[in-house]
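Whole structure, please, built from the sequences with the hints as guidance.
Protein chains: 2
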Amino acid sequence: MSELRRDPLLDRWVIIAEERQLRPQDAPSSAEYELPTVDADSDPFAAGNERYTPAEVYAIRPNGEPNSPGWTVRAIPNKYPILRVEGDLDPRGYGVYDKLEGIGAHEVVIETPSDLQLRDLPLSQIYDVLNTFRLRMEDLTRDKRFAYVMVFKNHGRSAGATQSHSHSQIVALPIMPVRVREQLTALQQHWQLKRRSLFQDIIDQELRQRERVVFENESMLVICPFASSFPFELQILPKRQSADFRQASVEELRDLAEALKASLLKWKGALGEVAYNMMLHTAPNDTRQGSIYQEFPLIDTYYFWHIELLPRLTKTAGFEWGTGHYINPVLPERAAEYLREIEVELS
Amino acid sequence: MSELRRDPLLDRWVIIAEERQLRPQDAPSSAEYELPTVDADSDPFAAGNERYTPAEVYAIRPNGEPNSPGWTVRAIPNKYPILRVEGDLDPRGYGVYDKLEGIGAHEVVIETPSDLQLRDLPLSQIYDVLNTFRLRMEDLTRDKRFAYVMVFKNHGRSAGATQSHSHSQIVALPIMPVRVREQLTALQQHWQLKRRSLFQDIIDQELRQRERVVFENESMLVICPFASSFPFELQILPKRQSADFRQASVEELRDLAEALKASLLKWKGALGEVAYNMMLHTAPNDTRQGSIYQEFPLIDTYYFWHIELLPRLTKTAGFEWGTGHYINPVLPERAAEYLREIEVELS
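Protein chains in written order, with the numbering used here: chain A, 1 to 347; chain B, 1 to 347.
Hints are computed from structural coordinates only; laboratory data are not their basis.
Some clues are possibly wrong.
Same chains, same names: a pair is fine if it fits in one copy or spans any two.
What the hints assert, rightly or not - Straight-line Cα separation of at most 25 Å, SDA-like style, residue types lysine to any residue; simulated pairs:
no.	residue 1	residue 2
1	Lys79	Arg340
2	Lys239	Leu135
3	Lys315	Arg51
4	Lys79	Gln163
5	Lys315	Leu100
6	Lys99	Gln189
7	Lys99	Glu182
No experiment lies behind these values; they were computed from the predicted model shown.
As structure tokens, this is what we get:
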């Protein structure tokens with residue numbers, strides 16, 4: 001039974017997820033870093049252990065019955081969801097405060113039945129993972145209660161992972177995330193001033209200057225963003241305007257699989273094993289009521305779906321929490337040069 | 001030589017601090033948690049080791065010469081500052097991007113010559129630490145290049161501390177932090193609607209409901225905020241409107257010392273040793289040019305200085321980075337009840 005509460009001082013919703021409740025005696029020791037080694041018998045995401053997870057909602061399955069071995073990619077509801085699917089938002093006031101019921105969806109995409117990490121999977125398998133993201137996002141978008149669907153990945157304990165088996169997560173949210181709204185506001189202001197997409201202007205400048213370019217192919221560009229918040233942060237963008245990841249073409253997904261694998265392998269060459277977060281942002285859902293498209297009617301014109309990759313090398317501390325600004329000890333141009341020069345094998 | 005770069009997609013400045021540069025081979029292993037044990041000989045903040053730090057800018061010093069033993073609280077410039085004092089902001093465009101020189105101030109307040117932590121210092125010593133914050137903030141505010149002064153504390157490695165000796169940091173920034181601007185926007189909207197301070201409405205509701213109150217005395221209130229982003233998060237607020245911490249009275253600082261010690265001791269009772277961040281927010285500086293007071297003329301009427309205390313029990317992961325929203329597994333009312341019942345000795 002989770003709920004959403006609005007922080008009135010920051011105009012920001014927080015998810016209070018009691019199902020995941022942490023009693024004081026359960027407080028995790030921050031000293032643990034490594035995920036416990038999981039043998040194939042107890043790994044809930046390994047082939048043969050399908051009975052440990054909720055029933056699959058989608059699978060790429062050359063062989064076998066649903067919820068049995070024979071799959072190569074498998075999407076399941078999260079066993080410990082931060083939001084639940086059943087019910088209504090039921091907005092309520094509470095004096096000066098506001099609440100919503102914790103309605104949404106929370107799924108897991110198991111990226112491989114093996115114990116390989118995402119970067120070590122063959123390109124065709126990474127393509128299948130990305131296409132699974134696309135299909136699950138498309139399906140979750142049909143539920144008109146959801147304002148936004150996001151894919152994210154936590155790899156390594158210091159990036160928040162609790163399972164070492166390679167997986168990503170998909171959440172469907174009843175609210176517009178503040179980070180998306182901030183981007184839309186910047187994009188709309190730029191459009192009103194210039195009649196151009198800010199994303200397109202960034203891509204044009206990056207391709208012209210090439211100082212922050214790490215990798216590119218026919219349709220995808222990988223850069224260290226000019227104002228990276230984290231050292232060795234990467235952003236993957238389609239070169240041609242494309243607002244909705246759910247409409248990505250076969251060619252785009254193929255190029256994206258290559259760009260993603262190249263990014264992760266270049267990190268490995270530069271940094272060794274590193275914990276990281278990946279976030280896939282796409283255009284908001286066009287819901288019936290109070291749609292964000294009424295406020296930002298040109299989303300499909302100026303938005304670009306994109307992937308952010310954050311290595312977790314630095315710690316956020318009092319400065320970051322107190323100001324909302326980040327300190328990055330590595331010049332993005334230097335990180336890009338370093339990563340550009342690392343050769344990787346893509347197959 | 002640090003610089004500020006504006007992220008055009010989020011309208012947010014990032015500090016690129018090359019002095020603190022991390023080469024790939026220096027990438028910190030996230031596995032390290034405990035700060036290295038520092039013996040008195042090599043602790044740069046211990047009495048007798050004043051030669052290891054920059055010369056003090058302020059000290060409470062019953063005995064001895066400046067930069068020698070005999071002090072009880074000592075303020076020094078940070079040896080590895082994120083911003084430097086000399087120079088001008090020199091705003092420049094760079095295609096679609098924007099840059100500023102990394103101008104500002106970055107000081108360290110050493111809270112005790114001993115190896116005690118803040119919570120274990122006597123109340124009179126905590127009072128002296130708070131009064132040192134006040135005096136240094138006051139002094140830094142005289143520099144009209146600075147828009148905002150904030151105090152923060154990182155305690156424990158997972159909270160970003162790199163020194164185990166008890167200390168806090170003060171930064172003076174040339175820009176208005178986004179978190180402060182977000183609060184001012186919410187406060188101004190509430191004022192326009194209600195002609196009341198949102199902080200006052202929150203305090204009134206908390207004192208009436210008492211569900212989230214953890215501690216109070218004559219002038220200070222400690223609560224678990226309604227929309228806490230973190231489990232066991234605390235906020236310390238003055239009960240009577242007071243925008244500027246630099247104008248806090250002797251009585252307020254005495255009560256704040258007690259409220260702060262009570263908060264940290266209650267955490268210890270509930271959670272044991274815990275890494276945490278503390279942030280002290282006060283009203284912005286009223287600088288001459290383009291002052292924030294032109295945009296928000298009633299800051300002195302509706303703002304309340306306050307302290308935020310965040311225990312670092314949970315990890316921020318892809319969901320939080322991608323959305324800007326937090327997941328808190330502990331109901332704030334339950335955390336408050338638990339902390340309220342823990343008895344602490346205040347002396």
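Here is how each hint holds up against the structure:
1. Taking identical chains as interchangeable, the C-alpha atoms of Lys79 and Arg340 are never at most 25 Å apart, the minima being 40 Å within one chain and 33 Å between chains.
2. Within a single copy, Lys239 and Leu135 get their C-alpha atoms as close as 22 Å, which meets the 25 Å cut-off; across copies the closest is 53 Å, which misses it.
3. Proximity of Lys315 to Arg51 under the C-alpha cut-off of 25 Å is found in neither arrangement, the shortest distances being 37 Å within a copy and 29 Å between copies.
4. Taking the shortest alpha-carbon separations for Lys79 and Gln163, only the intra-copy value of 12 Å comes in at or below 25 Å, while the best inter-copy value is 40 Å.
5. In this homomeric assembly, Lys315 and Leu100 come within 25 Å of each other (Cα to Cα) only across copies, at 24 Å, whereas the closest approach inside a single copy is 32 Å.
6. Proximity of Lys99 to Gln189 under the C-alpha cut-off of 25 Å is restricted to the inter-copy arrangement: shortest distance 19 Å between copies versus 31 Å within a copy.
7. For the homomeric pair Lys99 and Glu182, the shortest alpha-carbon distances inside one copy (22 Å) and between copies (20 Å) are both at most 25 Å.
Hint check: violations occur at hints 1, 3; the rest are consistent with the structure.
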